[in-house]
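As they're listed, the protein sequences go chains A and B.
If you count the first sequence from 1, position 358 lands on 358 in the numbering used here, and the numbers rise without skipping.
If you count the second sequence from 1, position 378 lands on 378 in the numbering used here, and the numbers rise without skipping.
Think of the hints as simulated: they come from the structure by calculation, not from any bench.
None of these values were measured; they are calculated from a predicted model.
Glycine residues also receive a C-beta, built at the ideal position from the N, C-alpha and C atoms.
Don't take each hint at face value.
[What the hints assert, rightly or not] One-sided and incomplete, this derived list gives chain B residues near chain A with beta-carbon spacing under 10 Å:
# : residue
1 : 4
2 : 85
3 : 140
4 : 214
5 : 228
6 : 247
7 : 269
8 : 270
9 : 314
[Stated by the list, open to error] Residues of chain B clear of chain A, computed beta-carbon distances all greater than 12 Å:
#  : residue
10 : 82
11 : 242
12 : 297
13 : 302
14 : 329
Protein chains: 2
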Amino acid sequence: MKVNAALAGLKVLDFSRVYAGPYCTMLLGDLGAEVIKIENRIMGDDTRAFYPIKNGESGYFNYLNRSKKSLTLDLKSEKGKAIALELAKWADIVVENFSPGTIGRLGLGYEDIKKVNLEIIYVSISGFGQTGPYRNKAAYDGVAQAMGGMTYMTGLPDGPPVKAGPAISDAATGVHAAMGILAAQYYKNQTGKGQYIDIALMDTVFSILENSVSIHTLLGLDPLRIGNANPSSAPYNMYKSKDSYIVIATANDSLFSRLCKVMDQEELITEPFFNTNPNRKTNQAEIDAIVNEWTQQYTSKELEKMLDDVGVPVASVKTIAELAQDPHIQHREMLVTHYNPNVGCVRYPGNPLKLSETPADTSRRAPLLGEHSTEILASKLHLSVQDIEKLREENVI
Amino acid sequence: MKVNAALAGLKVLDFSRVYAGPYCTMLLGDLGAEVIKIENRIMGDDTRAFYPIKNGESGYFNYLNRSKKSLTLDLKSEKGKAIALELAKWADIVVENFSPGTIGRLGLGYEDIKKVNLEIIYVSISGFGQTGPYRNKAAYDGVAQAMGGMTYMTGLPDGPPVKAGPAISDAATGVHAAMGILAAQYYKNQTGKGQYIDIALMDTVFSILENSVSIHTLLGLDPLRIGNANPSSAPYNMYKSKDSYIVIATANDSLFSRLCKVMDQEELITEPFFNTNPNRKTNQAEIDAIVNEWTQQYTSKELEKMLDDVGVPVASVKTIAELAQDPHIQHREMLVTHYNPNVGCVRYPGNPLKLSETPADTSRRAPLLGEHSTEILASKLHLSVQDIEKLREENVI
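Input sequences plus hints: build the corresponding full structure.
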């Protein structure tokens, strides 16, 4: 059976590198858009050299660049720029995440592309956006998380602020950008008009702080880090198990009685210090200590089973190694295997969008550097083999 | 000048509550989709009672539900269900995030809706998805972060795992869902076909772990928490300032020399322990201690200025109160003011998508409970004032 692709026919010219832009275009590519990734002809995307690396292949790069074709191009050469402009005529969408101003200096900014393709949807992703006082600040994820409020809100109450471990400002911005692109494409389908989209890591981080901002703007308070605890319920925290940690989320009285029964401490249900959620929250240290003493007698796996069985919300703190073997991750097809000639078969995270009619196609591994240069120049720009060889000799591709 | 909306004409019937679904439909509403939010007629969306609250208005709810209309409906009554089905005929898209199976038992699952609207795009958001061994686990953000690997990767190396403070599994899943909806809508524009989308918090978390998964799948290692440090560069960490904390990201030798000059310790540039990035990483504790001693002499603001001036990547760990006054946040229109009759003017985070031709419209505050019930039933279902009054008396709306 032929499987349909949601975004079949959508054409993306991708100048982006590292994380936010590549995550955006991977999501589009998985759903069927044709993505041509332009890479520096010497080293390619910076992440081709990012940890982890084996036999010269980076796991960082190979996860984030599946479903794309790679064309190497020296954008500083006249011929390279001319090829990029020709491809911009072909494209529906351009994505870039250089620091603000850089791509304009290469002659490939929105105004330049619009001259050759009036209907283009052009997306610039950056740390702080194309405008505003911080626009020229260096844009690392750790910087964006700190500047956007995520770091301040993460960590234990008695410890320093800590950023979310993985670079979530990049991933979150990438998927917001993909959503913005498809909204702009919806508009273009109705009106024929393209447009420019400016999206910033700091803005995105600031918009995913849950209730943190409104605690300040509504009540005038400065919200504080609460680690793994919950602002209104207890016992609702992370506890030590015999072998690791366990999250137990006792959000109401009914769940608390079930927990007490499993702990074989039913007397706590009616104990005046703990008999209501507000009382337990007031005496959080005490009830957390009782739960913590109990959890340390069992492994995380044992605790998870005991509490799952009675419907008390519980989670092992899964390690990455555990997740790689996790039956649910497997069932959800959240690990996909790619064969790469240099490292053989390696598994990478799959696509979280499960569409019934047009499932994401995560089968196409990330390209080798310039793997599709010849194919793209021949099929999109109708260059001859001789023309392409000449470009190669001239170090354009 | 009339401002255009990217998603003008797109019709969304929204059964979702709490965070992931409402964030998804807010993004769609901001860009011009018409969103009808169905709420329980007694209490409405659970988050109407979530912290922070002032004069009965929740900042949690009011941030996440702008750009929507509220219709109260008793979905367990026959008449309420009939109204929901009529609205499903009107809609292009249905969004729900009950626990798996719940909305099907109400007679409003995908199969039910498809009978009255074959082309519907129907999105179910849940903690673990509609299928798989964990599908019935309770879906709190803290549970999803722990089960998906984010918690394991977050926190200081010598401390316990910590979840990202705000509920990022919800926000990330919400925006992925919005992206999936618009991809399905693109397909529907081409083919006329609708479909079902199943998206899970755990899957989404697992897909935004940066290189964590491939460290394991490519190298066989279990990646570890590194707090605010960087796996390959030093000094690249969070340091104490006189008044707070500061992030300094010295990613290469050139940035390190600039940092040394600002610290007035130029001798470190050629010091054999620190003269290359690998050497500094090997002696990270020593170089971090030197930087930390220097940073404690200045306020975060002073440090940020000194290092910005010479182009060394730096970030204050902004508090929420600071961000509420931040000139860049203001310039980027990332705080928007809503007037609500019960609490007056309150500011909430804006929309991070800056589209030139169809800017997000963030001006429409979240609705009061059932604020648009009459309007929706009259305009969409052509009910008379008497019919609507009767529904109200019968506790259907």
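For each hint, the structure was consulted:
1. 4: 7 Å, holds
2. 85: 21 Å, violated
3. 140: 5 Å, holds
4. 214: 3 Å, holds
5. 228: With a minimum Cβ separation of about 6 Å from chain A (threshold 10 Å), the hint on residue 228/B holds.
6. 247: Holds. Min distance 5 Å.
7. 269: Hint violated; residue 269/B Cβ to chain A Cβ min 20 Å, cut 10 Å.
8. 270: 25 Å, violated
9. 314: For residue 314/B, the interface hint holds, since the closest Cβ of chain A sits about 7 Å away, which is under 10 Å.
10. 82: Answer for residue 82/B: holds, closest chain A Cβ roughly 26 Å.
11. 242: 15 Å, holds
12. 297: Nearest chain A Cβ is 18 Å from residue 297/B, so the label holds.
13. 302: Residue 302/B is indeed farther than 12 Å from all Cβ atoms of chain A, at 16 Å.
14. 329: 6 Å, violated
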